Amino acid sequence: MDAANNSAYLATDPSLRAPSGPAVYAVEMRGITKRFGRTTALNQMSFRVATGSLHALLGENGAGKSTLVKILNGIYPAGSYAGQVLLNGTPVQFHAPHDAQGKGVGYVPQEVALLEDLSVAENIVVGHWAPRGHAVIHWPRLHARAAAILERLQVRLDPGVKVASLNAGSRQLVMIARARVMNPAVLVLDEPTSCLNKSETEALSACLRGLRAQGVTIIFISHRLAEVLDLADAATVLRDGTQVAHFNRAAFDAEKIVTAMVGRRMDSFYPARASAVLEGPPALRVENLIVPHPQVRNRNVVEGLGFCVRRGEILGLYGLLGSGCHEVLCALYGLMPHAGRIWIAGSEVAVTSPRRAKSHGIGLVTDDRKKHGLLFNFGIRENVTLHDLQAVSRCGLLRDKLETRHALAFQERLAIRAASVQMPVRNLSGGNQQKVLLAKALFPQPQVLLMDEPTKGVDVGAKREIYAMMTGLVREGLALVLVASELPELLALCDRVIVLARGRIADQFSRAEANEQRLMLAATGATATLNGE
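Numbering (numbering that gives the first Met the number 0), first residue to last: 0 to 532.
Derived by calculation from the structure, the hints in this document are not laboratory data.
As the structure is a prediction and not an experimental result, all values here were calculated from the model.
Incorrect hints may appear among the rest.
What the hints assert, rightly or not - Straight line, CA to CA, 20 angstroms or less: simulated EDC-like cross-link-like pairs of lysine to aspartate or glutamate: (1) Lys102 to Asp116; (2) Lys455 to Glu110; (3) Lys455 to Asp98.
Stated by the list, open to error - Here are the computed distance ranges between Cβ atoms for each label pair: (4) Ser358 to Arg501: 28 to 34 angstroms; (5) Asn42 to Ala414: 20 to 26 angstroms; (6) Glu512 to Ser79: 52 to 58 angstroms.
For glycine and all other residues, C-beta sits at the position ideal for the given N, C-alpha and C.
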């Protein structure tokens, strides 16, 4: 959608116009422009949030959402950008996050950053150990203070337990509790649910509703449109560093929001693909796979699993937290000890490490590109070729021109948007980082590609591109094993789905037989109950 059409689009639909009037807003940002070198991240961006509301900030990766909230939080200090920030109608200038905290702005970043060996209470009050003027920490008072914060948030966590023992959802709640330690009037959350499952997301949503009921103004960034439609009072859409649409709750419409985000109407979100013709020997065959629990002795997270997947087929694995889906992929890629038998293209193989997995033609797209997937201080080129340096080396020496040629080929093939293949991965949007991760897995030319939540943390436009790439890969003859928590994604893309519960197969069916109800019945154990098992 070009600028002229976009203006006309906004002008003809009153639900997309930003609110007007003399009201005083909890947060108002006027004419914000922020540049990084030659790149303009925000261009005359204006944004305002009603007091006591829960306001969603939407847009594709690279639209400028995180940059905007980092200005509000003082991470990008006054003087590094043009424009004005107001709180409750009063202009403010923040030179550091401490300044923002002092004015009542709390911030929960996308990356969960907790001290693993400290308790929940210690993580909540870190940096605020004792009241001003007190040199000695009073531990009972500290724990009581943390417990009071958790109680106000309606979060049931033991303040004395170590953070290392918590799941992802509980860790995110600890991050919110930390942001609440100074009792801010405005709370900003950047992708708070990107790593959470359904039950963890519901717990966080309940927490946010409780904060809103207490009068806290909440700004949250999310790629999950369903939770925006469920939670938000209003939503602002950014594209290319500027506001392109504003929706009040009464005007929420998923299709209009997505159209505003990507700048075009998306008639078909998932690519059309005929079911695979299952002929020939399996590309991957697994028998009696057993994966021991990494922490609990004499307990298995996967028990006696068997399946196969053929060339040109997408097999989906689905299950709730603790089902074993993630561990299946880790075992098949040699990241976790396991027992059982594995065949690739009819030949039995031993997968004892990622190196052996790659040598046998198995690739993995990890579910955590930041922790396990990419080298963020290196360029696209180095990340793409990392899994097969021999292919770009001669006599033990890397050949820069050959490495660049391969990287450029993948940049074109996967439509990685970057000025050059030398650009550091940390400077790319989430969607483009995910494409680099996919290129890294594809460079050694695997026969079987394991994909663990391949669209986690990317925007709707990038998701659609990744779906198209997946269908292209199976047309080329690859076999894909997909683990995904989004049911529509599984149902639209997979030829077959296997549902795991407690490490065992609870149900399996073809695309024609699959529906969300059947998946959830199997995943929750209800299928076995209904069958009298």
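Results for each hint:
Restraint check for Lys102 and Asp116: the C-alpha separation of about 31 angstroms exceeds 20 angstroms, so the hint is violated. A C-alpha spacing of about 14 angstroms is found between Lys455 and Glu110, which places the hinted pair at or below 20 angstroms, so the restraint holds. Our distance criterion of 20 angstroms between C-alpha atoms is broken by Lys455 and Asp98, whose separation comes to about 33 angstroms. At roughly 32 angstroms, the beta-carbon separation of Ser358 and Arg501 lies within the given 28 to 34 angstroms, and the hint holds.
As the Cβ distance of Asn42 to Ala414 is approximately 24 angstroms, the hint placing it in 20 to 26 angstroms holds. Hint check: Glu512 to Ser79, Cβ distance near 56 angstroms, so the stated range 52 to 58 angstroms holds.
When the structure is compared with the earlier hints, violations turn up for hints 1 and 3 and for no others.
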